[in-house]
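There are 2 protein chains.
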Amino acid sequence: MAEIISGTETSKKIQAELKDEVTQLKSKGITPGLSTILVGEDEASKVYIGQKIKVCEKLGITSFHHKLPANTIESDLLNLINTLNNDPKVHGILCQLPLPKHINTDKMLLAISPDKDVDGFHLLNMGKLLSKKSMKEIEEEKMYLPCTPHGIIQLLRRANIPLSGAEAVVVGRSNIVGKPVALLLMAENSTVTICHTGTKNMAEVTRRADVLIAAIGKPKFITADMVKDGVVVIDVGVNRLPEGLCGDVDFDKVKEKAKAITPVPGGVGPMTIAMLMVNTVKAAKKLSGVR
Amino acid sequence: MAEIISGTETSKKIQAELKDEVTQLKSKGITPGLSTILVGEDEASKVYIGQKIKVCEKLGITSFHHKLPANTIESDLLNLINTLNNDPKVHGILCQLPLPKHINTDKMLLAISPDKDVDGFHLLNMGKLLSKKSMKEIEEEKMYLPCTPHGIIQLLRRANIPLSGAEAVVVGRSNIVGKPVALLLMAENSTVTICHTGTKNMAEVTRRADVLIAAIGKPKFITADMVKDGVVVIDVGVNRLPEGLCGDVDFDKVKEKAKAITPVPGGVGPMTIAMLMVNTVKAAKKLSGVR
Numbered sequence: 469m470a471e472i473i474s475g476t477e478t479s480k481k482i483q484a485e486l487k488d489e490v491t492q493l494k495s496k497g498i499t500p501g502l503s504t505i506l507v508g509e510d511e512a513s514k515v516y517i518g519q520k521i522k523v524c525e526k527l528g529i530t531s532f533h534h535k536l537p538a539n540t541i542e543s544d545l546l547n548l549i550n551t552l553n554n555d556p557k558v559h560g561i562l563c564q565l566p567l568p569k570h571i572n573t574d575k576m577l578l579a580i581s582p583d584k585d586v587d588g589f590h591l592l593n594m595g596k597l598l599s600k601k602s603m604k605e606i607e608e609e610k611m612y613l614p615c616t617p618h619g620i621i622q623l624l625r626r627a628n629i630p631l632s633g634a635e636a637v638v639v640g641r642s643n644i645v646g647k648p649v650a651l652l653l654m655a656e657n658s659t660v661t662i663c664h665t666g667t668k669n670m671a672e673v674t675r676r677a678d679v680l681i682a683a684i685g686k687p688k689f690i691t692a693d694m695v696k697d698g699v700v701v702i703d704v705g706v707n708r709l710p711e712g713l714c715g716d717v718d719f720d721k722v723k724e725k726a727k728a729i730t731p732v733p734g735g736v737g738p739m740t741i742a743m744l745m746v747n748t749v750k751a752a753k754k755l756s757g758v759r
Numbered sequence: 469m470a471e472i473i474s475g476t477e478t479s480k481k482i483q484a485e486l487k488d489e490v491t492q493l494k495s496k497g498i499t500p501g502l503s504t505i506l507v508g509e510d511e512a513s514k515v516y517i518g519q520k521i522k523v524c525e526k527l528g529i530t531s532f533h534h535k536l537p538a539n540t541i542e543s544d545l546l547n548l549i550n551t552l553n554n555d556p557k558v559h560g561i562l563c564q565l566p567l568p569k570h571i572n573t574d575k576m577l578l579a580i581s582p583d584k585d586v587d588g589f590h591l592l593n594m595g596k597l598l599s600k601k602s603m604k605e606i607e608e609e610k611m612y613l614p615c616t617p618h619g620i621i622q623l624l625r626r627a628n629i630p631l632s633g634a635e636a637v638v639v640g641r642s643n644i645v646g647k648p649v650a651l652l653l654m655a656e657n658s659t660v661t662i663c664h665t666g667t668k669n670m671a672e673v674t675r676r677a678d679v680l681i682a683a684i685g686k687p688k689f690i691t692a693d694m695v696k697d698g699v700v701v702i703d704v705g706v707n708r709l710p711e712g713l714c715g716d717v718d719f720d721k722v723k724e725k726a727k728a729i730t731p732v733p734g735g736v737g738p739m740t741i742a743m744l745m746v747n748t749v750k751a752a753k754k755l756s757g758v759r
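If you read the sequences in order, they're chains A and B. Under our numbering, the first residue of the first sequence is numbered 469, with each subsequent residue one higher. Under our numbering, the first residue of the second sequence is numbered 469, with each subsequent residue one higher.
Do not take every clue at face value.
Heads up, the list lumps identical chains together, so a pair's fine if it works in one copy or across two of them.
Derived DSS-like pairs (lysine-lysine); straight-line CA-CA distance at most 30 Å [said to hold, decoys possible]:
hint, residue 1, residue 2
1, Lys-569, Lys-610
2, Lys-727, Lys-496
3, Lys-610, Lys-575
4, Lys-668, Lys-480
5, Lys-668, Lys-604
6, Lys-754, Lys-696
7, Lys-601, Lys-569
8, Lys-686, Lys-604
9, Lys-526, Lys-750
10, Lys-754, Lys-569
11, Lys-487, Lys-575
12, Lys-601, Lys-514
13, Lys-688, Lys-601
Hints in this document: simulated from the structure, not taken from any laboratory. Computed from a predicted structure; not experimentally measured.
Based on the sequences and whatever the hints tell you, model everything.
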């Protein structure tokens with residue numbers, strides 16, 4: 469039976485560490501501030517933003533929420549971002565995706581100052597991620613790593629899963645999860661394979677994995693026959709089924725073969741929010757010149 | 469016996485296509501211009517720059533060469549780049565690496581206008597590469613791809629090597645070759661594995677490859693027992709031995725098992741220069757607003 473890697477528990481630990489850090493920063497007169505922007509009425513987005521604001525409160529991070537109507541014109545959104553870029557109380561800016569279709573997402577992402585880009589989605593920050601050779605270089609640069617991939621690495625590290633020399637297989641090649649987590653695993657010295665919808669003999673590839681990252685977006689896609697005994701499985705999927713939330717992994721069956729596995733919910737999800745807070749505190753230190 | 473994939477021949481075809489394009493551009497009053505910068509006296513760098521200038525001449529691209537002494541101070545180099553950024557006759561800027569140690573390479577790369585970054589090394593252009601999902605998206609964006617990885621893809625495509633669904637193994641995780649070529653192969657729908665010095669059982673991994681990219685920097689590192697029958701091998705290595713240039717692949721032995729293989733010299737090398745010219749012509753069109 470697999471060890472269950474709890475994102476809920478790990479994120480609590482990270483939050484406790486951050487809370488101490490925020491207290492210290494406040495004693496120096498610095499209160500980390502996160503601006504959140506929600507355009508429109510997407511229900512899932514509202515839930516995500518609500519969770520983020522709640523964790524900010526818990527940690528003593530000030531959150532500034534901007535709720536814009538669905539018919540907001542692009543230039544108004546860009547103007548708001550520009551104002552926030554220049555607001556010294558704001559250290560991080562997060563505009564919840566997806567945006568309404570009449571707004572160009574790429575333009576919005578480029579408008580956020582790279583120094584306040586706590587989601588790590590600005591092209592300059594993505595370029596930095598691509599250009600770094602090791603976790604040491606990444607950590608020295610104090611860069612903003614994208615939250616979900618960073619959360620995955622933290623989960624694996626804190627569960628003492630050996631990554632150096634491991635065969636890691638990432639299923640999914642998205643910009644938000646698949647490709648960046650592959651780069652981070654490579655920086656951790658894993659041998660990394662990325663597979664996707666174009667992959668032939670998917671099961672043959674996934675069965676090679678010592679560490680398997682499932683980021684496909686299809687409920688229970690990874691079945692027990694697709695993993696080897698003793699695999700470590702990180703399930704990034706969040707699929708809403710009539711019977712409730714469900715991951716990309718057939719949890720009940722796969723956990724019988726795995727050495728360790730994350731549940732859904734309570735796995736990667738809470739880690740994503742925790743890493744957003746990590747980036748916000750990092751931004752507050754960076755922008756205030758605190759070491 | 470393997471088909472020999474000749475970079476020399478393929479680059480000649482690409483150069484012929486480019487020459488026609490340059491002629492057309494000139495008839496519209498646009499002469500593509502490439503500025504090359506060499507700091508110091510590195511012998512290999514001199515050879516590379518010389519080759520690039522020679523191909524420019526052949527294609528009708530104007531080259532502006534700037535030779536700076538090894539003790540050039542960083543701010544003088546950055547000022548030169550700034551002047552070239554603002555020079556309408558200059559469409560592409562290339563500063564030969566490596567730079568003398570007292571100059572910060574990252575700073576230099578960021579100083580080049582992303583619109584004139586024909587090496588594709590600016591963080592914004594690297595970020596773009598990371599963010600694109602398919603070759604179609606990459607081509608629509610008319611972005612500057614890094615020359616060696618782009619040259620490898622062109623070699624494979626023009627040799628009619630099937631990439632979609634293929635298992636591609638990249639040996640080496642450099643910023644200049646390994647990681648970007650892995651991204652491009654993924655965009656071509658290959659299942660991609662990146663291995664490196666941290667990889668255990670390297671031969672086991674490389675034997676899975678339908679397409680093997682060797683970018684390690686160690687002479688004859690890839691031996692015949694490390695490949696399967698029918699593999700396609702692209703050798704990116706350029707190692708200077710007393711007996712002459714030699715790749716990262718034990719060519720004589722591996723070619724007996726391979727379906728196709730590139731030689732060294734005459735493989736990837738000429739393609740890198742050809743793709744630099746592709747980027748320069750693309751830059752001239754982009755900056756002059758020609759479609």
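Structure-based check of each hint:
1. In this assembly of identical chains, Lys-569 and Lys-610 lie within 30 Å of each other by CA distance solely across copies; the values are 23 Å between and 33 Å within a copy.
2. In this homomeric assembly, Lys-727 and Lys-496 never come within 30 Å of each other (Cα to Cα): the closest approach is 45 Å inside a single copy and 66 Å across copies.
3. For a Cα distance limit of 30 Å, the shortest separation of Lys-610 from Lys-575 qualifies both inside one copy, at 25 Å, and across copies, at 17 Å.
4. For the identical chains of this complex, Lys-668 and Lys-480 are neighbours neither inside a copy (40 Å) nor across copies (35 Å), given an alpha-carbon limit of 30 Å.
5. When the C-alpha separation of Lys-668 and Lys-604 is checked against a cutoff of 30 Å, the pair qualifies only between copies, where the shortest distance is 21 Å, while the shortest distance within a copy is 35 Å.
6. Taking identical chains as interchangeable, the C-alpha atoms of Lys-754 and Lys-696 are never at most 30 Å apart, the minima being 43 Å within one chain and 50 Å between chains.
7. In the homo-oligomer, the alpha carbons of Lys-601 and Lys-569 lie at most 30 Å apart only across protomers (19 Å), although the nearest pairing inside one protomer, at 36 Å, exceeds that limit.
8. Proximity of Lys-686 and Lys-604 under a CA criterion of 30 Å is satisfied inter-copy only: 24 Å between copies versus 34 Å inside one chain copy.
9. Taking the shortest Cα distances, Lys-526 and Lys-750 sit within 30 Å of each other inside one copy (17 Å), while across copies they are farther apart (52 Å).
10. For a Cα distance limit of 30 Å, the shortest separation of Lys-754 from Lys-569 across copies, 27 Å, qualifies, whereas the shortest one inside one copy, 34 Å, does not.
11. Proximity of Lys-487 and Lys-575 under a CA criterion of 30 Å is satisfied in neither setting, with 34 Å inside one chain copy and 35 Å between copies.
12. For the homomeric pair Lys-601 and Lys-514, the shortest alpha-carbon distance between copies (27 Å) is at most 30 Å, but the shortest distance inside one copy (37 Å) is not.
13. In this homomeric assembly, Lys-688 and Lys-601 come within 30 Å of each other (Cα to Cα) only across copies, at 24 Å, whereas the closest approach inside a single copy is 34 Å.
The structure fails to meet hints 2, 4, 6, 11 from the earlier list, while all remaining hints are met.
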